[in-house]
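Student: Protein sequences, first through last, are from chains A and B. For what it's worth, my numbering labels the leading residue of the first sequence as 92, then goes sequentially. For what it's worth, my numbering labels the leading residue of the second sequence as 558, then goes sequentially.
Don't take every hint at face value.
Taking CB as the label site, the calculated pair distances span [unchecked claim]: (1) R666(B) to Q171(A): 46 to 52 Å; (2) P105(A) to S622(B): 21 to 27 Å; (3) T199(A) to R566(B): 21 to 27 Å; (4) R168(A) to K560(B): 30 to 36 Å; (5) S653(B) to R168(A): 30 to 36 Å; (6) E96(A) to I617(B): 16 to 22 Å; (7) A159(A) to S653(B): 24 to 30 Å; (8) K93(A) to D595(B): 35 to 41 Å; (9) P172(A) to M584(B): 50 to 56 Å; (10) E619(B) to E94(A): 41 to 47 Å; (11) S173(A) to D558(B): 17 to 23 Å.
Since the hints were made in silico from the structure, they are not lab data. Glycine included, C-beta positions come from ideal geometry on N, C-alpha and C.
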Amino acid sequence: QKEVEQNSGPLSVPEGAIASLNCTYSDRGSQSFFWYRQYSGKSPELIMFIYSNGDKEDGRFTAQLNKASQYVSLLIRDSQPSDSATYLCAVNSGSNYKLTFGKGTLLTVNP
Amino acid sequence: DVKVTQSSRYLVKRTGEKVFLECVQDMDHENMFWYRQDPGLGLRLIYFSYDVKMKEKGDIPEGYSVSREKKERFSLILESASTNQTSMYLCASRLSGLAYEQYFGPGTRLTVT
Numbered sequence: 092q093k094e095v096e097q098n099s100g101p102l103s104v105p106e107g108a109i110a111s112l113n114c115t116y117s118d119r120g121s122q123s124f125f126w127y128r129q130y131s132g133k134s135p136e137l138i139m140f141i142y143s144n145g146d147k148e149d150g151r152f153t154a155q156l157n158k159a160s161q162y163v164s165l166l167i168r169d170s171q172p173s174d175s176a177t178y179l180c181a182v183n184s185g186s187n188y189k190l191t192f193g194k195g196t197l198l199t200v201n202p
Numbered sequence: 558d559v560k561v562t563q564s565s566r567y568l569v570k571r572t573g574e575k576v577f578l579e580c581v582q583d584m585d586h587e588n589m590f591w592y593r594q595d596p597g598l599g600l601r602l603i604y605f606s607y608d609v610k611m612k613e614k615g616d617i618p619e620g621y622s623v624s625r626e627k628k629e630r631f632s633l634i635l636e637s638a639s640t641n642q643t644s645m646y647l648c649a650s651r652l653s654g655l656a657y658e659q660y661f662g663p664g665t666r667l668t669v670t
């Protein structure tokens, strides 16, 4: 079964620090990768997606993909208390239809 | 903006009742999904549909059925609700293809007593 693994956390960082969230996946044929943020009691919303090896930056967020090592990460620079949420990694493992989700990492940013 | 709506935010039902959860999307997406989310277990796929009247079982289909009679609407049915089906239910939709994100509805918090 295709798997997506994330540390469940909680990951706790001080305000202004860099938060680093990691995700590994089992299917070497995976081609597209997504990071979702989910606030408590709310539904997941997309933050970033990445398809190519390397880094992709969007404001304070950077997604990093290394297909050879089968991991994808999300860096949050200048973390804010409003970034406190669960972050879900999702992978498209060659299916045209659906994504496979990790269980998520709970991030807490302390003021 | 893509919009996925669910019929109820909160629902309380009794054991043995038949429960219908409705989901509607307005962006002509081929694929629609039903998940449940429980603490520590993450998102678990119940069923998905890749076309009208087409459906496939996800990871935990037992105790559930689905219906997709129109492209924009996907229903989840609990034939005889049980207390272990108390959960947050999330509907989602996406276009077919490798590069497309998945959009989620706001969720239905179902409590079965």
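Student: Could you run down the list of hints and mark each one as holding or not?
Tutor: Each hint tested on the structure:
Distance hint check: the CB atoms of R666(B) and Q171(A) are about 28 Å apart, inconsistent with the given range 46 to 52 Å. One distance hint, 21 to 27 Å for the beta-carbon pair P105(A) and S622(B), is violated here, with the actual separation near 48 Å. In this structure the supplied range 21 to 27 Å holds for T199(A) paired with R566(B), their Cβ-Cβ distance being about 26 Å. For R168(A) and K560(B), the hinted distance range of 30 to 36 Å is satisfied, since their beta carbons lie about 31 Å from each other.
Roughly 35 Å separates the CB atoms of S653(B) and R168(A), a value that falls within the hinted 30 to 36 Å. A beta carbon spacing of about 19 Å between E96(A) and I617(B) agrees with the range 16 to 22 Å that was offered as a hint. For A159(A) and S653(B), the Cβ-Cβ distance of about 28 Å falls inside the hinted range of 24 to 30 Å, so the restraint holds. At about 21 Å, the CB distance of K93(A) to D595(B) disagrees with the hint of 35 to 41 Å.
Distance hint check: the CB atoms of P172(A) and M584(B) are about 33 Å apart, inconsistent with the given range 50 to 56 Å. As the Cβ distance of E619(B) to E94(A) is approximately 21 Å, the hint placing it in 41 to 47 Å is violated. At about 21 Å, the beta-carbon gap between S173(A) and D558(B) stays in the expected band of 17 to 23 Å.
Violated hints, in rising order: 1, 2, 8, 9, 10; the structure is consistent with all others.
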